[in-house]
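S.K.: Sequence:
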Amino acid sequence: MLNLRCHALEESLHLARRKLDAQNLIIEAQNAQLIIQNMGMEKMNATLHAKTKEKESERTVLFPGGKGQHLTDGKMIQKKRQLEEDKRQEELAKEERRNAKENHRAEKELLDEQWKQLLERYAETVVLWEMECQRLRKAGTRVKDLSKKPKRPLKPKLIQTGGENGGDEDDKDEDVVED
Numbered sequence: 001m002l003n004l005r006c007h008a009l010e011e012s013l014h015l016a017r018r019k020l021d022a023q024n025l026i027i028e029a030q031n032a033q034l035i036i037q038n039m040g041m042e043k044m045n046a047t048l049h050a051k052t053k054e055k056e057s058e059r060t061v062l063f064p065g066g067k068g069q070h071l072t073d074g075k076m077i078q079k080k081r082q083l084e085e086d087k088r089q090e091e092l093a094k095e096e097r098r099n100a101k102e103n104h105r106a107e108k109e110l111l112d113e114q115w116k117q118l119l120e121r122y123a124e125t126v127v128l129w130e131m132e133c134q135r136l137r138k139a140g141t142r143v144k145d146l147s148k149k150p151k152r153p154l155k156p157k158l159i160q161t162g163g164e165n166g167g168d169e170d171d172k173d174e175d176v177v178e179d
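The sequence shown begins at 1 in my numbering and counts up by one.
Hints were generated in silico from the structure; no laboratory data involved.
Some clues are possibly wrong.
Estimated spans, in silico, between C-beta atoms of each pair [unchecked claim]:
#1 M41 x I77: 41 to 51 Å
#2 N99 x L146: 45 to 55 Å
#3 L154 x K101: 24 to 34 Å
#4 H49 x D112: 15 to 25 Å
#5 D145 x H104: 30 to 40 Å
Note that the Cβ used here is the ideal one computed from N, Cα and C, for glycine as well.
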């Protein structure tokens, strides 16, 4: 009788543990889902607020908090000069990027021309090879003894020297490499 009671309690305990494990797995899955939803929500909020955020004007930098200041103050004059210098630097950087982009475009066009010339020479080489193969076949040469078809040349590529931002600190042009 005591043994039966003990076995019944063990079985009940075993079932309770299985139920608890199942509940823990469900809770874990729900927590993972909440984390994924939170990440998506944060991304959407960042996108939404990025579109609505306005760029600060120079006036808000010069007059913080909208409070009046003496424009002849040394700090104000220095701040104004700094803003003008920053604007000038920004314009120079913009012009450099524009020139780099134009240079890249010109180099790419030159590379495309070289590629077309390579393909034309290759087509001529293949035609000559086919004519030579036909001549040798008529002379009685076995197919396995014929020369192999010329390999198609690889397309030349530009070597990026400026990194991700496309800027180049040196006065070197991008090199053209034919593989």
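S.K.: Could you work out which of the previously given hints the structure breaks and list their numbers from low to high?
M.R.: 4 and 5
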